[in-house]
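> Following the hints, complete the assembly by docking chain B onto the known chain A.
As given, the protein sequences belong to chains A and B, one line each in that order.
Following the numbering used here, the numbering of the first sequence begins with 1 at its first residue and continues without gaps.
Following the numbering used here, the numbering of the second sequence begins with 1 at its first residue and continues without gaps.
Be careful, since some hints might not be right.
[Unchecked claim] Lysine-lysine pairs mimicking DSS-like chemistry, simulated, CA-CA at most 27 Å apart:
no.	chain 1	residue 1	chain 2	residue 2
1	B	LYS18	A	LYS189
2	A	LYS31	A	LYS47
3	A	LYS145	A	LYS189
4	A	LYS79	B	LYS40
5	A	LYS79	A	LYS47
6	A	LYS79	A	LYS31
7	A	LYS47	A	LYS145
8	A	LYS172	A	LYS79
9	B	LYS18	B	LYS3
10	B	LYS18	B	LYS40
11	B	LYS40	A	LYS287
12	A	LYS172	A	LYS145
13	B	LYS6	B	LYS40
14	A	LYS31	A	LYS189
15	A	LYS79	A	LYS157
16	A	LYS287	B	LYS3
17	A	LYS31	A	LYS188
18	A	LYS145	A	LYS157
19	B	LYS40	A	LYS189
20	A	LYS79	B	LYS6
21	A	LYS172	B	LYS40
22	B	LYS18	B	LYS6
23	A	LYS47	A	LYS172
24	A	LYS79	B	LYS18
Just so you know, these hints were derived from the structure itself, not from any lab.
All values reported here derive from a predicted model rather than from experimental measurement.
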Amino acid sequence: MSSIVIQGDTSGSITVEAPSVAGTHTLTLPKATGNIATDATVGLGTKNLIINGDMRIAQRGTSVSGLTTGGYYTVDRWKFNITTAGTWTMEQDTDVPTGQGFANSMKMSCTTADASLAAGDRVWFDQRVEGYNLQQLAYGTASAKSITVSFWVKSNKTGTYILEFYSDDSNKTASKSYTISSANTWEKKTIILASDTVSGFNNDNGLSLYVWFWLAAGSTYSSGTLNTSWAANVTANRAVGQTNLADSTSNYINITGVQLELGENATPFENRMYSQELAMCQRYYWKIAEGSGQMLGLASYYTSGGVLLYVQSPSPMRNTPTVDQVNGTDYYGFERNGAVDGLGGSFALYRFNGVGCQLYTTSGASGTAGQSGVLWTNNAASYIALTAEL
Amino acid sequence: MYKLVKHYSTNEIHCVNKITGNRVLSIPMVDGNSDYEEYKEWVAEGNEPEPADE
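Just chain A, same shape as in the assembly:
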């Protein structure tokens, strides 16, 4: 067996060893500067802790305008948040950085400006990560890992922006600034955050970490000194230097390829199968059916005025979900005993077991107890979803 030893200039060395078998074996190194993954590399496997980082899943819809209150509106897992800082449109967009393999980005556009922010005004979007998915960071131990966030961003408004990490478990924060240098140009940003060996993340299905992209911040959040490593929350230190993206109706920001991984290297974006990404999203939001003529499931009249429907989610949901729905006359159709009944009431959830549950309605139904059949959406505007977002 032959080997080459590369001695460090102070101490330590690396040994490169040839295999002890006959034949010539070629190891081709990359032409560009990079890092080689080995079994000592952290973050192999499902390395991206951000879900839907490439913005391709949008179960709720692709565009919502007139936003002045926070909520989940378009691309899955990304929540828009605002305190009196203009009016916004949130979209799933097809504007993407060339040649990076992305099909979508998320776009936030300001449609009513707030050029003079009051102290408490702010706007941001975030992804909320549950504790179960963060245990590999080993926070709160001597083995705690650094993390790296990388993403592509584009805006008409150059300047300083803040990415904040906020632990809901320890009430600690850490904020990092990045600069959008060229207007209307896709730029890749990389942010590295040192670990927290003191405070861990709860090992449960609750909210543990916010990955928080500031777009505007009043003085309440920006009048101090930027807190760049994990420390107890000081509100004034959270978004110091943040550009006010709400100051003009010309302003927008696009983002895609968001990846949060262990270690201190931004590796290529993890492209997961569409079905995998969708299933990950459906742990938090599952649209069962939408529009006219889409199947909801098997149902039965348990009384003359009440209908029971059984549904089973494709992914184990994070927690007992809320039923998100619209109702109206004949919004849902129930085919049973050779006829179709129109249903118009709302459904409530019962007996949730992690994946399956029964939905029931006692309003807007009239039939014969004991008859069963199939239930579907019966209006272009109707939908039923289960939501267990953080």
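The following block gives chain B in isolation, referenced to the frame of chain A:
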């Protein structure tokens, strides 16, 4: 508007509806559900939901 909902057979209140136009969020009264946490904060501020239908 929040409105309490009674269970169809036990007749006990087990969820609360948040109604906005024709959109209804039927919220289970389960800790950790973020909609229920928001509802509890709303109640803690001194607000009261509409009673359940009899």
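> Determine for every hint whether it applies to the structure shown.
Evaluation of the provided hints:
no., hint, verdict
1, LYS18(B) with LYS189(A), "violated, 40 Å"
2, LYS31(A) with LYS47(A), "holds, 24 Å"
3, LYS145(A) with LYS189(A), "holds, 20 Å"
4, LYS79(A) with LYS40(B), "holds, 21 Å"
5, LYS79(A) with LYS47(A), "holds, 22 Å"
6, LYS79(A) with LYS31(A), "violated, 39 Å"
7, LYS47(A) with LYS145(A), "holds, 13 Å"
8, LYS172(A) with LYS79(A), "holds, 20 Å"
9, LYS18(B) with LYS3(B), "holds, 7 Å"
10, LYS18(B) with LYS40(B), "holds, 12 Å"
11, LYS40(B) with LYS287(A), "holds, 25 Å"
12, LYS172(A) with LYS145(A), "holds, 16 Å"
13, LYS6(B) with LYS40(B), "holds, 18 Å"
14, LYS31(A) with LYS189(A), "holds, 22 Å"
15, LYS79(A) with LYS157(A), "holds, 22 Å"
16, LYS287(A) with LYS3(B), "holds, 23 Å"
17, LYS31(A) with LYS188(A), "holds, 20 Å"
18, LYS145(A) with LYS157(A), "violated, 34 Å"
19, LYS40(B) with LYS189(A), "violated, 39 Å"
20, LYS79(A) with LYS6(B), "violated, 31 Å"
21, LYS172(A) with LYS40(B), "holds, 24 Å"
22, LYS18(B) with LYS6(B), "holds, 14 Å"
23, LYS47(A) with LYS172(A), "holds, 24 Å"
24, LYS79(A) with LYS18(B), "holds, 19 Å"
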